[in-house]
Amino acid sequence: KLNTYKLYYKTQTVPFLISMVAVVIAIGLIISTLLNSTKKDVLMTKSALYNLSQLQFNELQKDIFKDELAKILKSPNLPMEEFVEFIEHIAIINNPKTMEIISTQLDEHGSINPNYQNISLFLKAINANDLSSLAIKAKSNPAKYLNRLLANYFILHNELQNALECLQLEPTLSNSEKCKHLLVSLLIQLKKTTELEKLESDPQYKLQYDEILKYLSLERNTWTLLFKTIINSQFKINFDGIFFLTLLTGIIWFGI
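In this text, residue positions in the sequence shown follow our numbering: the first is 1, and each later residue adds one.
If you are wondering where the hints come from, they were derived from the structure by calculation, not from laboratory data.
Worth double-checking, as some hints may not be accurate.
[To be verified] Below, a list of computed lysine-lysine pairs in the DSS-like style, where the Cα atoms sit at most 30 angstroms apart:
1. 62 to 144
2. 206 to 191
3. 198 to 178
Work out the full structure: start from the sequences and follow the hints.
The following block contains the structure:
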């Protein structure tokens, strides 16, 4: 028969508590490793793009920058969303030499991904200071990522109406959450109430619903709904890997 008193005192000893801490750490490491193993390619790409961002500032390492960029562009698993964000960052810095290197590499590896050509056109247009003609071309013949890049550039130069027109024509708008967030932000800044009312009932914009509802509640003077929306947005739980890892750790400690 189990002696509950002896068991209780055993759980208070230092060796027992230390071993339990070790068990919790071991379980946490195993679970976090399993969670991150499914994102290995994405994490490696993020790291590579981050390294590129740092290399661009060193004029003595332009050859290294070129080689690293070529490796990334050759990867068939390159997440275009992350790469386009990198290009947006490059456009903000506006270093002609860097943009020339990138556009040349994009042209050389165009056979790997047809979208590289569109990004190259954007960078060349910035260097040539000829965004207006490219915007006309992009509007008449929308190509992936081109209108999105133009929209971000126009936002940077406070041309919000041009940015909105470009973004609404972006082919990846329907499946890119960043594009959707950007679209809703532009509509709010330009006070496009009618367009926002249409998006309010669109299931594709469920992640942007709180922002839309906040604006519409303010416009309709429904202060109770506005207050409720703000409270809900502040206490939203993200059910990701970290959440479940924290939950498991809490359960283990509660058991101890």
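Structure-based check of each hint:
{"no.": "1", "hint": "62 to 144", "verdict": "28 angstroms, holds"}
{"no.": "2", "hint": "206 to 191", "verdict": "20 angstroms, holds"}
{"no.": "3", "hint": "198 to 178", "verdict": "19 angstroms, holds"}
Violated hints are absent here; each numbered hint is respected by the structure.
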